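From first to last, the protein sequence lines are chains A and B.
Take 2 as the starting number for the first sequence in our numbering and just add one per residue.
Take 12 as the starting number for the second sequence in our numbering and just add one per residue.
No lab work stands behind these hints, which were simulated from the structure alone.
Please read these numbers as outputs of a predicted model, since none were measured by experiment.
Be aware that one or more of the hints could be misleading.
[Said to hold, decoys possible] Residues from chain A shown here face chain B by an in silico Cβ test under 8 Å; the list is partial:
| id | residue |
| --- | --- |
| 1 | MET2 |
| 2 | LEU13 |
| 3 | LYS39 |
| 4 | LEU42 |
| 5 | SER52 |
| 6 | ALA55 |
| 7 | THR84 |
| 8 | PRO99 |
| 9 | VAL101 |
| 10 | ARG104 |
In this text, a Cβ means the ideal position worked out from N, Cα and C, and glycines have one as well.
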Amino acid sequence: MYDFELVKPSTLQEAVAALKDDEAQALGGGQTLLPTMKARLAMAGKMVALSGVAEIKGICTDDAGRICIGGATTHATVAREATGFPALASLAARIGDPAVRNRGTIGGSLANNDPSACYPAGALAANAVIVTPDREIAADDYFQGMFETALDEGEIITEVKFPVPEAAAYEKFIQPASRFPLVAVFVAKFSDGVRVAVTGASSDGVFRWAEAEAALSSDFSAEAVSGLSAPDAGGMISDLHGDGAYRAHLVKVMTARAVKAAH
Amino acid sequence: MAKVTMTVNGKTRTAEAEGRTLLVEWLREGLRLTGTHVGCDTSQCGACVVHVDGEAVKACTALAQELDGAEVTTIEGMANADGSLGVVQQAFQDYHGLQCGFCTPGMVMSAAALLKENPKPTEAEVRHYLEGNICRCTGYHNIVKAVMAASGQDVAPVAAE
Numbered sequence: 002m003y004d005f006e007l008v009k010p011s012t013l014q015e016a017v018a019a020l021k022d023d024e025a026q027a028l029g030g031g032q033t034l035l036p037t038m039k040a041r042l043a044m045a046g047k048m049v050a051l052s053g054v055a056e057i058k059g060i061c062t063d064d065a066g067r068i069c070i071g072g073a074t075t076h077a078t079v080a081r082e083a084t085g086f087p088a089l090a091s092l093a094a095r096i097g098d099p100a101v102r103n104r105g106t107i108g109g110s111l112a113n114n115d116p117s118a119c120y121p122a123g124a125l126a127a128n129a130v131i132v133t134p135d136r137e138i139a140a141d142d143y144f145q146g147m148f149e150t151a152l153d154e155g156e157i158i159t160e161v162k163f164p165v166p167e168a169a170a171y172e173k174f175i176q177p178a179s180r181f182p183l184v185a186v187f188v189a190k191f192s193d194g195v196r197v198a199v200t201g202a203s204s205d206g207v208f209r210w211a212e213a214e215a216a217l218s219s220d221f222s223a224e225a226v227s228g229l230s231a232p233d234a235g236g237m238i239s240d241l242h243g244d245g246a247y248r249a250h251l252v253k254v255m256t257a258r259a260v261k262a263a264h
Numbered sequence: 012m013a014k015v016t017m018t019v020n021g022k023t024r025t026a027e028a029e030g031r032t033l034l035v036e037w038l039r040e041g042l043r044l045t046g047t048h049v050g051c052d053t054s055q056c057g058a059c060v061v062h063v064d065g066e067a068v069k070a071c072t073a074l075a076q077e078l079d080g081a082e083v084t085t086i087e088g089m090a091n092a093d094g095s096l097g098v099v100q101q102a103f104q105d106y107h108g109l110q111c112g113f114c115t116p117g118m119v120m121s122a123a124a125l126l127k128e129n130p131k132p133t134e135a136e137v138r139h140y141l142e143g144n145i146c147r148c149t150g151y152h153n154i155v156k157a158v159m160a161a162s163g164q165d166v167a168p169v170a171a172e
């Protein structure tokens, strides 16, 4: 890893000011960024560690009943404390391994938008709002392809607001070496319809499976999924762990399992 | 370079660190506490697990400067005051939970973290918790037995010989 200057702001205002520097890079829990920097796939003159910014850590419920999670909140904290949204707590409890969950953060995961990360599926399915110092971004506008998001250079996630679905579940088909999903599906049933978000499958990153959403909005049952054909395998990730057709098939299987688990 | 001070195994320790210095480098090279191992250096294997402010952390994926002021426990801090092996360490010896011993510091630290939050885990919970610790010798069964024994539970039901 190339050397850098580490700065440790203790307030959001200081963090935002530090990130105005062209050389600066925000550091969440570092569980992806530090290995990437060790491999010299990323470098920065200045790293701005967000772990000391207390005001963007922790979980609360807002007046609209949404679960609001500070951007620097670790996966372990979400797993333990997001009791108002059990499917989301369960997702957080299955990211990586215990030591990774003690450092990795929700803001870091969503800002990175790895095509196989868990949180993007939860945020997109629950129609979460991504909050930054200057604006709020709807999940539907936020995810813009593999490792691409609506965030500007130096813009950080201060909070993520999750509407709580009537029923929800996250089903993850794990790739055991990396502990990332090979394919995972988050299903969320709201009073006005069902949202289905898929991670690990598409080379465009997390996506909503529209056909399943339509079918499940009129009949929220695993049988409603079994009548569908699997999504098009054309844009699916193909690698040594599974080709596109296999992943497309898994999308259908994991969606049906998630619906079953949500009941 | 900056001076970084942490409480390590109960003692205040200071050593220099660059911005990029990892916690594991600071411990091993700065303090010469070489019990914490570097296995993969890519956060996969768990050989470098230590406790930071009471929580299991992969020391190869944390920056020393960021943790200035933290309280750290390493494998060197796991023995009893008289130098005899701690409960988890003794169980690893009793149940042959190690062969080459390379992964053992991380295994012991992860197991201790598990038992702190869940003093009587089931076998499945032990296996799930140790997902981030890789051992290439034992096949894991004896490690699971050791953790069950360290929690004061019967090891007989542990599957597969």
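Broken hints, numbered, in rising order? 2, 4, 6, 7
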